[in-house]
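*Asks:* Spelled out, the chains give:
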Amino acid sequence: MRGERLVKAIILLASIIVLLIAAGMVLSLMTGSIPAFKEFGIKFIFSSDWIPTEGRERYGALPFISGTLLTSVVALIICLPLSFSVSVFLGEYFKGTKLAAVIGSMVNLLAGIPSIVYGLWGFYVLRPVIVNLGLSSQGFGIFTSALILAVMIIPYASSLSNEVISMVPVQLKEAAYSLGATRREVIFAVIIPSASSGIIASYILALGRALGETMAVTMLIGNANIIPKGLFSMGNTMASVIANQFGEAEGLKLSSLIAIGLLLFIITGIVNYIGKAIMKRLQ
Amino acid sequence: MKMKKLSLIITIASAVIILVSCKTGTQPADTGKKVTITAAGATFPMPYYNQVFEMYTKNTGILVTYGGIGSGGGIRSLSDKVVDFGATDAYLTDDKIKEMPADIVHIPTCLGAVVIAYNLPGIDELKLTEDLLEKIFMGEITNWNDPAIKANNEGLVLPDKNTLVVHRSDGSGTTFIFSDYMSKISPLWAEKVGAGKSLNWPAGIGAKGNPGVAGTISQTEGAIGYIGSEYAFAQKIQIAKVRNSSGNYIAPSVESISAAAKGAIPDDTRAMITNTDDPEGYPISGFTWLILYKEQSYDRRSKAQATETLNLLNWIISPEAQEVTQKVNYSPLPDEVVEKAKNILKSVTYKGEILMK
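Protein sequences, first through last, are from chains Y and B.
Start counting the first sequence at 1; every next residue gets the next number (the working numbering).
Start counting the second sequence at 1; every next residue gets the next number (the working numbering).
Calculated from the structure, these hints are not laboratory results.
Errors might be hidden in some of the hints.
What the hints assert, rightly or not - Keeping only pairs whose Cα atoms sit at most 30 angstroms apart, straight-line, the calculated DSBU-like set for lysine-lysine is:
(1) B:K294 x B:K58
(2) B:K351 x B:K327
(3) B:K357 x B:K340
(4) B:K262 x B:K150
(5) B:K351 x B:K340
(6) B:K81 x B:K34
(7) Y:K38 x B:K81
(8) Y:K229 x B:K192
(9) B:K340 x B:K327
(10) B:K161 x Y:K229
(11) B:K98 x Y:K38
(12) B:K236 x Y:K43
(13) B:K34 x B:K96
(14) Y:K276 x Y:K95
(15) B:K327 x B:K346
(16) B:K98 x B:K135
(17) B:K241 x Y:K38
(18) B:K150 x B:K192
(19) Y:K43 x B:K192
(20) B:K161 x B:K236
(21) B:K327 x B:K96
(22) B:K327 x B:K236
(23) B:K184 x B:K150
(24) B:K357 x B:K98
(25) B:K96 x Y:K38
(26) Y:K229 x B:K357
(27) B:K351 x B:K294
Unchecked claim - Sample of chain Y residues at the chain B side, in silico, Cβ under 10 angstroms:
(28) T97
(29) R127
(30) N225
(31) G230
(32) F232
We put the CB at the ideal spot given by N, CA and C, even for glycine.
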């Protein structure tokens, strides 16, 4: 009996600690961002100024919010056909084969590569390719970052969805086959609808990863604090500007960076909420 | 039985945790214990500091740790009193000093410069005037075959290639020195951009740290940017000559950077030496400083700790340590500045008593 209570107490304590840590983070983000919101008000979110020069300091988060959303969404769009194909390949067509095992572990390996390595690869390999293709004159910008992000989030998007796809009941598939459905028809008419909530969840997870990615994006986006004018324009993201400028920031600028962190937190929260809402509707 | 064992382990573990946390709370003993010195701040002089602190530890057995967390972080750490001294590339203004918990002093340690690096294969002798720097970095000149660049570089065959300005994306003392210089030579720059550790850039792309800027320049034909001399000298990268206020085109070198500090320096050494009057001086040079509290008795600090801190600082400005500067691509302090630094150290006290004789 004593053992039971002890285990219960430990579990409760651990859960409370996790809760406290999360609450503490939100609280410190909120208190840290008060000076910025006091100074600029709600305009902080909609202003595109980023002037750190002493005496005329003015900060706005719009360039970074737009850069973050644009790179992440473009990355998700690029990643979608790739990771979807991979998960169907692994979860349906070549389920259980050696080839699937090799490809599956390669995809998971992608998740283990440090983001600085992705950044270096993007900088030295991908960027010259973009320049040679004539897509942009120096290769930095939203598109290059989105491309590298797309590769980075493939394992997040595909691993969960291939689990779900392979878990679709065999009876369901066989019923469809016995009605004369082709394999393609089974995939699109049976497997995808019945696995849709899991697939969506995996893409939300991937989007969350793209929103917060810092290092690889910093190396490729050009770090120009402007609202991106197009797919090949330079820009900056929320995580990247924080990582870049936090070290030497103080006063109002520090508070503005913390406020951007809070906004990123909120955006990630909203994305997760939307994902959950979609999943609920589909279930 | 198993549960009993578990609870025993937990009890022991928590006892250990309590003991450890108690230990950190006790007062540092004045005697017997060896002093360790902790410092943090600027990344720009870090190769120099790493080298001399290691030498100092070898010579004296006193462990010195240095965290390269940036000038802003160094100032914050000193203000939070978690380090013995901080390091910064930009001196604290009178207002900033007043914001500190107590009065502080600046000790200059070495000189560095900001070089203008570019990537134009085959063109090694690029000469830049104040006007060209303004136009390139403001984004007004966008091609290397611009008549203004040609006129100033007769004999060079400049390609029809777009210029790409590369600047720092992170806050940096290097940016501060560069923009301080730009504000002095260009009224337009002073009005539109100003000076600071990070800026609202009118043109170009940002890259993180000196390695980021240098890497981007060397990877991109037509790129031009500014890099800390300590990093640039260790790289194979093209460096432009810059016209100084006497009208001479000066390449950054150990000598030309030291020469820039020969002008009139105030006794507290808080001065920017950009756009120097010295005819041989490289115009985009600067000091880097260590900062510490003028009254060393704070936060139960022992006298031994204060004395050892001062001994270390006194050694850094000694000829033995200054000699190391050139090995890691910095310039040594001119003798007059060393004298001034010594006088500043002599003003540091412990409970009102002067520590350095």
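*Asks:* It remains to establish, for every hint, whether it holds in the given structure.
*Replies:* Quick rundown of the hints versus the structure:
no.: 1; hint: B:K294 x B:K58; result: 28 angstroms, holds
no.: 2; hint: B:K351 x B:K327; result: 39 angstroms, violated
no.: 3; hint: B:K357 x B:K340; result: 15 angstroms, holds
no.: 4; hint: B:K262 x B:K150; result: 33 angstroms, violated
no.: 5; hint: B:K351 x B:K340; result: 23 angstroms, holds
no.: 6; hint: B:K81 x B:K34; result: 20 angstroms, holds
no.: 7; hint: Y:K38 x B:K81; result: 29 angstroms, holds
no.: 8; hint: Y:K229 x B:K192; result: 22 angstroms, holds
no.: 9; hint: B:K340 x B:K327; result: 24 angstroms, holds
no.: 10; hint: B:K161 x Y:K229; result: 23 angstroms, holds
no.: 11; hint: B:K98 x Y:K38; result: 24 angstroms, holds
no.: 12; hint: B:K236 x Y:K43; result: 46 angstroms, violated
no.: 13; hint: B:K34 x B:K96; result: 34 angstroms, violated
no.: 14; hint: Y:K276 x Y:K95; result: 28 angstroms, holds
no.: 15; hint: B:K327 x B:K346; result: 29 angstroms, holds
no.: 16; hint: B:K98 x B:K135; result: 38 angstroms, violated
no.: 17; hint: B:K241 x Y:K38; result: 46 angstroms, violated
no.: 18; hint: B:K150 x B:K192; result: 26 angstroms, holds
no.: 19; hint: Y:K43 x B:K192; result: 22 angstroms, holds
no.: 20; hint: B:K161 x B:K236; result: 21 angstroms, holds
no.: 21; hint: B:K327 x B:K96; result: 34 angstroms, violated
no.: 22; hint: B:K327 x B:K236; result: 17 angstroms, holds
no.: 23; hint: B:K184 x B:K150; result: 24 angstroms, holds
no.: 24; hint: B:K357 x B:K98; result: 28 angstroms, holds
no.: 25; hint: B:K96 x Y:K38; result: 22 angstroms, holds
no.: 26; hint: Y:K229 x B:K357; result: 63 angstroms, violated
no.: 27; hint: B:K351 x B:K294; result: 10 angstroms, holds
no.: 28; hint: T97; result: 42 angstroms, violated
no.: 29; hint: R127; result: 7 angstroms, holds
no.: 30; hint: N225; result: 7 angstroms, holds
no.: 31; hint: G230; result: 16 angstroms, violated
no.: 32; hint: F232; result: 13 angstroms, violated
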